[in-house]
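Use the sequences and the hints to build the structure in full.
In the working numbering, the protein residues as written are 3 to 67.
Calculated directly from the structure, the hints in this document are not laboratory data. Glycine residues also receive a C-beta, built at the ideal position from the N, C-alpha and C atoms. A couple of the hints might just be wrong.
[Unchecked claim] What follows is a set of in silico ranges between Cβ atoms, one per label pair, in the way DEER data are often shown:
no., residue 1, residue 2, range
1, Q60, A38, 24 to 34 Å
2, Q60, T28, 41 to 51 Å
3, L59, R36, 29 to 39 Å
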Amino acid sequence: MHVGRLDCATTLLVVATTSVEMKSATELNVCVFRGASVLLVAFERLAWLASRVMMRLQMHCNTVL
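If you want it as structure tokens, here you go:
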């Protein structure tokens, strides 16, 4: 995972400091796709965690009442 982040940072640095070439643009697209995939997985896990917390909170409230 850290290697992918380093590759993305390197690609962004190359695109920012040199003229945009086809290879750099392709690498940037791959980097953006990887970043979007990581964010999607993170949001999916966050939603799962939130649903678990809400379920436990609801169970706790039902037992208290």
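Going through the hints against the structure:
1. Hint check: Q60 to A38, Cβ distance near 33 Å, so the stated range 24 to 34 Å holds.
2. In this structure the supplied range 41 to 51 Å holds for Q60 paired with T28, their Cβ-Cβ distance being about 48 Å.
3. Evaluation of the 29 to 39 Å hint for L59 and R36 yields a pass: the beta carbon distance comes to about 35 Å.
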